[in-house]
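Protein chains in written order, with full-length UniProt numbering: chain A, 1 to 219; chain B, 1 to 219; chain C, 1 to 219; chain D, 1 to 219; chain E, 1 to 219; chain F, 1 to 219.
Hints were generated in silico from the structure; no laboratory data involved.
Be careful, since some hints might not be right.
The list makes no distinction among identical chains, and a pair is therefore deemed to hold if it is satisfied within one copy or across any two copies.
As the list claims (entries may be wrong) - When the alpha-carbon atoms are kept at most 30 Å apart in a straight line, the in silico BS3-like pairs for lysine-lysine are as follows:
hint	residue 1	residue 2
1	LYS53	LYS205
2	LYS69	LYS212
3	LYS53	LYS69
4	LYS148	LYS212
Residue-level listing of the chains:
Protein chains: 6
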Amino acid sequence: MKSVHFFISTVAALAFATFLVSAYDPSPLQDFCVAINNPQSVFVNGKFCKDPKLVTANDFFLPGLQIPKSTANPVGSTVTAVNMDNLAGLNTLGISLARINFAPNGLNPPHTHPRGSEILVVLEGTLYVGFVTSNADNNRLISKVLNKGDVFVFPIGLIHFQLNVAIAGLSGQNPGVITIANAVFGSKPPINPDVLAKAFQVDNKLVDYLQKQFWYDNN
Amino acid sequence: MKSVHFFISTVAALAFATFLVSAYDPSPLQDFCVAINNPQSVFVNGKFCKDPKLVTANDFFLPGLQIPKSTANPVGSTVTAVNMDNLAGLNTLGISLARINFAPNGLNPPHTHPRGSEILVVLEGTLYVGFVTSNADNNRLISKVLNKGDVFVFPIGLIHFQLNVAIAGLSGQNPGVITIANAVFGSKPPINPDVLAKAFQVDNKLVDYLQKQFWYDNN
Amino acid sequence: MKSVHFFISTVAALAFATFLVSAYDPSPLQDFCVAINNPQSVFVNGKFCKDPKLVTANDFFLPGLQIPKSTANPVGSTVTAVNMDNLAGLNTLGISLARINFAPNGLNPPHTHPRGSEILVVLEGTLYVGFVTSNADNNRLISKVLNKGDVFVFPIGLIHFQLNVAIAGLSGQNPGVITIANAVFGSKPPINPDVLAKAFQVDNKLVDYLQKQFWYDNN
Amino acid sequence: MKSVHFFISTVAALAFATFLVSAYDPSPLQDFCVAINNPQSVFVNGKFCKDPKLVTANDFFLPGLQIPKSTANPVGSTVTAVNMDNLAGLNTLGISLARINFAPNGLNPPHTHPRGSEILVVLEGTLYVGFVTSNADNNRLISKVLNKGDVFVFPIGLIHFQLNVAIAGLSGQNPGVITIANAVFGSKPPINPDVLAKAFQVDNKLVDYLQKQFWYDNN
Amino acid sequence: MKSVHFFISTVAALAFATFLVSAYDPSPLQDFCVAINNPQSVFVNGKFCKDPKLVTANDFFLPGLQIPKSTANPVGSTVTAVNMDNLAGLNTLGISLARINFAPNGLNPPHTHPRGSEILVVLEGTLYVGFVTSNADNNRLISKVLNKGDVFVFPIGLIHFQLNVAIAGLSGQNPGVITIANAVFGSKPPINPDVLAKAFQVDNKLVDYLQKQFWYDNN
Amino acid sequence: MKSVHFFISTVAALAFATFLVSAYDPSPLQDFCVAINNPQSVFVNGKFCKDPKLVTANDFFLPGLQIPKSTANPVGSTVTAVNMDNLAGLNTLGISLARINFAPNGLNPPHTHPRGSEILVVLEGTLYVGFVTSNADNNRLISKVLNKGDVFVFPIGLIHFQLNVAIAGLSGQNPGVITIANAVFGSKPPINPDVLAKAFQVDNKLVDYLQKQFWYDNN
């Protein structure tokens, strides 16, 4: 485990997180299956495909990932996801990408990807990252401080987090799919307070307080 | 969403949870691959196989699932897991089983299965169960009160929980793999308090308190 | 191989069989894909999905598995299957469940699951169960007598059977998909008698007799 | 369903059956994984791989498939299988092949492939082939008479058979893995006679007779 | 590597190539999914299925593979492919077949199968076959001369070729999906000449010449 | 198709290419399977795993991806691959990463990934990229000019290329696995010249010339 010394800082950070959505059906029966919106409100597992004859280069293209996005939000970070919803050619290929901007003192709260592993590369700044192993492995924390050019891997389904600790500034961002705090305390409708009071060993007042927080969803 | 009325109760509950460990390699190249301990501290993805010629019926057999286990523990419940570790024939078949005993007022805290979906059947008592959808679906709570003979499904990777609310007694049990509270507040070593304070919007004192709790791992 | 002593008995039995339908696409591209009936008589591999925005807890719920079903049928048993046809939320999750009621002296005739492994737990009574390995393993019989609380595994695709031999009462039930006797002698239209006469080394008269039997399909 | 007229004949037949062993791991992490015998009686799911640096063309090569084999056996046919056991390069590629020689009046008894679909092409003679759908589809017989150059498909796990009916000569061959009659009546040790008597609706005397037959395994 | 001596010859050749299209979804949720044309110009990954109730034996049947096809074309060969486009029952079964006729002096130019491994059996004549390993293995050529009855395997995705060298006659055929020369020099529109000049270390004149060739697509 | 105007330039480029190695076994049976060197020259499909108890954060970490590498080589580019060989934690997670440095006037020659799709993001400069569809789609060229921040997708198995055309400078790099020109003209031993002469419709002299070229492998 890394021991991390914290100093004041206003250094921002930037990272690319690529995560594999384990589609388990990478274009099995044709060259590609460019996603289209489900016609006539009929749905399939994944997406319907565009007529291959009408497919063009633009179906595999997405511009603008270099444009910085404001990180003026409660978590001080912004994720720009690239997936089949905005890059149709990714459908069935089982891979996606995200650009993450970190403001100083942000945080990527603990989260999981229910259907993907993640590989992260730091482009700017310093991140303190970690994941927690499952119960069978006694919930060990596997953590590391990453600097520019470092790469780190987060196995599928495990809870992990990322902070911008560049010279110990704290900032964070969630490229993930399930933000633990949001899911546990911010679900709609709320989870029965007795569940959470018992689960977190706190009284119902605190649960009530936590459930009343505004949870900013940065995805 | 279910609205649930709570009354005093001491009714226990019993459930079978079967969950699919998505092995994605169900005995592809032979009839079975009965697990053996990794020889010479060499490891593979999954387990090495027993010599097929030496395989007997006992390799596919596990007795004693009817024996009640004490639920005298902090969460008031006990899970009896049946997986490749105690039933070697399950190796590569991608399926496992668990018997769950619920004492009154127990709780199965929110958890996820990183590698499996779950189907639950209630044998005794009443359970209040639910899961929370991912961020893309706005973390909706999908919950239900289950009575004897009811079946419920928890999709792979989503955070879910189960309580014994038999006539509103609260008890719980975790057939799962990652207990959120344990993983977040009970990891070894602990997650940096600043991460958790920011993630849960509480001060470091509370995080410190939470991290000091004894977290009973009921798996 | 178990040597089994048979005595008269009228003890019934009850078992849960959970079998994994190896869907190989466990919710790869969204949280869930709740099955709906194929619209406009168009079909896909598996099922079309319900609009996720319209999904509720009831889509993951099935009541009534505790209700005993009459076993007054030729095989003296009844299976209550829980699959995507009656529990839509199971679609793409690759798992299903079955409750099996055994009357005395029933039988689960040899059968196979073309697309699933099975794990069985005995809730009441005693079952004599077994499976036969493939030709490469010389069709070995792997069998065992199971009592209350015992668990047994049947690998994908192998022919297996279950009898209620509680104190040697014979009863059976087929949670499976292909009943060998039905498929071989009860197909519609019938298989050419010369095939079966040669296959089973009996004369055409017996084949004719067997094909004339009423085959009760207990699935 | 085909109606087939039978006349005397001594015409032999020849077919190639290719069946896909659904390995579900087609060389995922390197170009190939040439099978070697399990070292030190340690086993894995599938086979260990030869050192890639030592791999040569001969590892992907098998000669002699044109050599006719004697069909002087009880089923009047011989199968020459090509799989990872005799063509090591096939390991992890999920495909295999078989040459089938049919003597007149042979039979390929009903059988299943627990882990593969099959595609058959007739090189000589005429075959009467069929498969039986699962219980959910009411065990329909899907059958056809095939002549030289015809191709037929047998879906994974379904019971099927093939006869040489070249001008109605009967001969057969089993490219499969589980021969139903062998597995049901010829298992070692035998299945409890009460099971089979009930399953096939015949008396124990006949079951005893059937179990006493010599079952030739032509694989 | 084989050293091959070449003599004049006019011997033709014939081969069956079976290749596995790694569909990774072999009929997971029903017995079969017989392909139908996409209705209303809607597309899915693979094909929509025919109503199972309307499926007949003809959906699994294709006649005429014995009929020789003219090899009077620039590559002196013809492939007769059997796949889900002309044999609907193959849909989702992950397997296909091809008959290959070789005229003297034809050639199967280097090609790859993006989604399948291949197993080849020589029915007539002699073929000189080979594949090239990937960069990580230093692009080794694995080649062999095959005679009647020989079998050879080509791992998924690797570039390979086949020639009829029966007593050194040259003939070829492409059972594959991507013909390298066609794809590189015959794409529509053409690849930028600077790319190819640099890639093949030749001047633009030659690239221009190559791009002007008529590329016969024998698939 | 893009029409591209070319001007002189010396602008370098930088890109990240992430490609999914379709491992089809993403950590199915434990949290992770950190790769170790094959012990005692025994090999498995993929890699053996490190003892989980000995796994640390460094097993998921690789530093130095920001360090520019010399592009002073024949193709004027360098790829820095991040895969299970240098980042052991990636084993079984089915994902990998590559940093690509482009010198002016380099080229990423046409290549394929036999086992992966690729997603590319441009960090600096401008790339002219494209892929060619398979024969069934008539080898269409799908190409595009990408600028800083643009993302492009290359489906699994299809031949593709990338050039640095920043203001039309040409440079390239191959993050791929099979470089077509290397594999076809630079294999060891060489492919029979008659094959290539016929395949590319050129005389043997040119083939001889091409085979004599030094092929720099930039992977």
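Structure-based check of all given hints:
For the identical chains of this complex, LYS53 and LYS205 are neighbours neither inside a copy (60 Å) nor across copies (32 Å), given an alpha-carbon limit of 30 Å. Taking the shortest alpha-carbon separations for LYS69 and LYS212, only the intra-copy value of 28 Å comes in at or below 30 Å, while the best inter-copy value is 38 Å. In this assembly of identical chains, LYS53 and LYS69 lie within 30 Å of each other by CA distance solely across copies; the values are 29 Å between and 36 Å within a copy. Taking CA atoms no more than 30 Å apart as the test, LYS148 paired with LYS212 passes in neither setting, with 38 Å inside one copy and 34 Å between copies.
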